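Here the protein sequences line up with chains A and B, keeping their order.
To get the working numbering, take the position in the first sequence, counting from 1, and add 4.
To get the working numbering, take the position in the second sequence, counting from 1, and add 4.
Hints listed in this document are in silico derivations from the structure and should not be mistaken for laboratory results.
One or more of the hints may lead you astray.
Pairs involving identical chains hold if they fit within one copy or between any two copies, as the list cannot separate such chains.
[What the hints assert, rightly or not] For lysine-lysine, the following DSS-like pairs were computed, each having C-alpha atoms within a straight-line distance of at most 27 Å:
id: 1; residue 1: Lys218; residue 2: Lys368
id: 2; residue 1: Lys459; residue 2: Lys444
id: 3; residue 1: Lys237; residue 2: Lys218
id: 4; residue 1: Lys243; residue 2: Lys218
id: 5; residue 1: Lys399; residue 2: Lys30
id: 6; residue 1: Lys368; residue 2: Lys50
Just so you know, these numbers come straight off a predicted model, no measurement behind them.
Protein chains: 2
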Amino acid sequence: MNNLIASLVELLDPSTVLTGADISEKYHADWSGADPCQPLALLKPKTTQQLSEIMALCHQHDQPVVIQGGLTGLAGGATPQSGEIAISLERMNGIEELDATAMTVTALAGTPLQVLQDAAEDRELFLPLDLGARGSCNIGGNLATNAGGTEVIRYGMTRSMVLGLEAVLADGTVINAINKMVKNNSGYDLKHLFIGSEGTLGIVTRVVLQLQPKSRSSHTALCALNSYESVTKLLVELKRSLGSGLTGFELMWDSYYNKVLEVLPSLTSPFQENHTYYLLLEYKDNNQTLGAERFESALFEQLESGLIDDALIAQSHQDADKFWQIRDGIGELFQVLGPVSNQDVSLPLEQIGPFADDLDQRLKAKYNNIGVLLFGHIGDNNLHVCAYTGRDEDKARINEDIMLMISEYAGAITAEHGIGVLKRDFLALSRTPSEIALMKTLKMAMDPKGILNPKRVI
Amino acid sequence: MNNLIASLVELLDPSTVLTGADISEKYHADWSGADPCQPLALLKPKTTQQLSEIMALCHQHDQPVVIQGGLTGLAGGATPQSGEIAISLERMNGIEELDATAMTVTALAGTPLQVLQDAAEDRELFLPLDLGARGSCNIGGNLATNAGGTEVIRYGMTRSMVLGLEAVLADGTVINAINKMVKNNSGYDLKHLFIGSEGTLGIVTRVVLQLQPKSRSSHTALCALNSYESVTKLLVELKRSLGSGLTGFELMWDSYYNKVLEVLPSLTSPFQENHTYYLLLEYKDNNQTLGAERFESALFEQLESGLIDDALIAQSHQDADKFWQIRDGIGELFQVLGPVSNQDVSLPLEQIGPFADDLDQRLKAKYNNIGVLLFGHIGDNNLHVCAYTGRDEDKARINEDIMLMISEYAGAITAEHGIGVLKRDFLALSRTPSEIALMKTLKMAMDPKGILNPKRVI
Chain A
5 MNNLIASLVE LLDPSTVLTG ADISEKYHAD WSGADPCQPL ALLKPKTTQQ
55 LSEIMALCHQ HDQPVVIQGG LTGLAGGATP QSGEIAISLE RMNGIEELDA
105 TAMTVTALAG TPLQVLQDAA EDRELFLPLD LGARGSCNIG GNLATNAGGT
155 EVIRYGMTRS MVLGLEAVLA DGTVINAINK MVKNNSGYDL KHLFIGSEGT
205 LGIVTRVVLQ LQPKSRSSHT ALCALNSYES VTKLLVELKR SLGSGLTGFE
255 LMWDSYYNKV LEVLPSLTSP FQENHTYYLL LEYKDNNQTL GAERFESALF
305 EQLESGLIDD ALIAQSHQDA DKFWQIRDGI GELFQVLGPV SNQDVSLPLE
355 QIGPFADDLD QRLKAKYNNI GVLLFGHIGD NNLHVCAYTG RDEDKARINE
405 DIMLMISEYA GAITAEHGIG VLKRDFLALS RTPSEIALMK TLKMAMDPKG
455 ILNPKRVI
Chain B
5 MNNLIASLVE LLDPSTVLTG ADISEKYHAD WSGADPCQPL ALLKPKTTQQ
55 LSEIMALCHQ HDQPVVIQGG LTGLAGGATP QSGEIAISLE RMNGIEELDA
105 TAMTVTALAG TPLQVLQDAA EDRELFLPLD LGARGSCNIG GNLATNAGGT
155 EVIRYGMTRS MVLGLEAVLA DGTVINAINK MVKNNSGYDL KHLFIGSEGT
205 LGIVTRVVLQ LQPKSRSSHT ALCALNSYES VTKLLVELKR SLGSGLTGFE
255 LMWDSYYNKV LEVLPSLTSP FQENHTYYLL LEYKDNNQTL GAERFESALF
305 EQLESGLIDD ALIAQSHQDA DKFWQIRDGI GELFQVLGPV SNQDVSLPLE
355 QIGPFADDLD QRLKAKYNNI GVLLFGHIGD NNLHVCAYTG RDEDKARINE
405 DIMLMISEYA GAITAEHGIG VLKRDFLALS RTPSEIALMK TLKMAMDPKG
455 ILNPKRVI
């Protein structure tokens, strides 16, 4: 080890290699709640070339490394494990090019997501990737975890907006797969190896993203519905009438909706009566007047058809914000609910309603005084489950119960947060043995010494 | 060999194993023009299980195989090479499920594209993948080659509509990565290994595709412009005003436009004057009246701004068909031009115009009496180049000249047709040595004996 650290100090400038107490606690853990751990050393390369040389040395010394971006991951992938050197990409930061004609942006991996969003906005463009951690997370980490967030229903996950990237392999090889072209079938599309593989197959160092024109108008409504079947039928109808403009379809079960209103007295339900499902809709258009007309007429049609029981269209930004505060109230609920089993899962569309009912029943039969709150991006198959008993010792058991039920319903044990270390033991609940064997084949081929984010994912 | 054929006959029913003259010439070559070759045997498995057993046997005997779908590929990937057994997936044919609520279709790999298109249409849905060979090509081949076609500007390549798949590896292992969920970050997304890798890493046997609601109205216009800069500026403006509804942006250089009108006397230019660029636009909407208004006002705005010199909006299907006949006239040109170097390439958006001018000049300086026709899906970076001298011996030289120029301009040597055998020697013009080395690492890991579509791509 001392040999390696000495070689690294020799290779890099001393400010780039930190050890012991010089490593701030920030680098001991990500946001997932996985147990913190001080890395053997913390390296902060400034260039792809430096990172390549670091990896060549670590490879030579069989030294495991953990890759860190904004440390906002929720699966424990960036929390150091015992004996690992941490490599932070935070200094590899900056936008290299924004091409307003091709609508692309090229940036280094350590660039915060919000910096990219703002740069796009300045040119009347739009990066269709957004999540709560936008100010802290880095675009490299967004690629490594194939981040989801809002607007997936329209624009897809992070993967779908990546045109090209550069990555460093476990042995230091630099893969330059930078590309600004939509159509390119010249050999294997290697970027997909690095997107969503959580840093286990290579380190993303540079990205090219497809931007979109900024929408000129946004329209929001809160609807009430009384059956899950109405929800799925409404999704189909609105996809037909609103087309690609439908950018938000956020379902809240009454349990969640009522709990938020109970805990946040500043919010009140805009509806007179109680309903079983509450749905937040967002529609974007390039024309304010035509957009408002189209949105109103689509909703009116579905009030007439009976799929929607009641609906309120936001008449101002303030109205829209109030609707979103109910949906986003989960953040404040976490402050008061005590220990929560918080799961981010996916299910086939028609299974989400039956799964939710079944889960609610089974958990209530098994645990005393359990609260079960449900909401999700249903248009993307994504359900969020929060279950809490007030007892810390129940959390792991509830997590496992949910994972097992997801397997029964042929769902995905993680929709957007990833596997990391926290769900590694459950992977076989969502994937077949031959799939997992193929993942291991890839890992072995690309990182035969297993030094890159080891024990994450597989 | 005889041992293997005997084992295959024993394994499969005899109608599934053809040899010698029983193999119709259809299976000797694909549509690419690569030299035909009779395979050692032709196998027509009916199930994934049979295909898996075939591959296990071939793997055991180190027997190379070529995978055949609809045989419509243009890169020679499905044309047998000497000593290969051909495996046709044509009997693994049929739709297993069409889920009109989730808007997904699940089908076997040997299902013709048009069958899927029609099934979607019957449910008022739309499969956003279309190409000239729709009646003959199979969906498995579309995935293997990551087919492009029209509407890529809106919906992306085939890859972007694949939710899940099943594939058989070189050793017969079945990878079941069937999935109907938009969000699924549960481990590596293995499907991307098989999409666009032209059958060299595995055989796609079953697919799940995301469908879209069928648009209710379609609007077409033919525009005239006088500079390439106006073309790219117009693309930006129309993306802003028409949003996701812009589904066609087909540019024709005057050389191409005039040649089509010269060769096809049934067509006449709807414009009084000559222009440098002709642009076919298509816009789709979910509302006929609003859609027509929006399209007309967007075009009027750009006539006013001066980006468009002249524009004609189709007033009927007949008008729209006439505009498309000019764009699709290339099919008939091929009948009369003699030997043509026909290249499908991609370039960064702003480079397409300068590249086209430079290519035209250089080819005309080098070859006597050369004709150079240019057109393409510019919104997807895709340029089609047709160059002809009437002399067969020039074709290969012209191909090579174009490939070398693409490399100079940092473009892609193939946009949508793929590498196959025909462009294999040129791959290094578009990809770096470390990328090609990584492709070989993947190939070696997944097909160590090199029996699956050998000598294609890499």
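Against the structure, the hints:
1. Lys218 - Lys368: Intra 45 Å, inter 43 Å, cutoff 27 Å: neither.
2. Lys459 - Lys444: Both: 11 Å inside a copy, 26 Å across copies.
3. Lys237 - Lys218: between (29 Å within a copy, 16 Å between copies)
4. Lys243 - Lys218: Close inside one copy (20 Å) and across copies (10 Å); limit 27 Å.
5. Lys399 - Lys30: within (25 Å within a copy, 62 Å between copies)
6. Lys368 - Lys50: For Lys368 and Lys50, the Cα distance exceeds 27 Å both inside one copy (52 Å) and across copies (48 Å).
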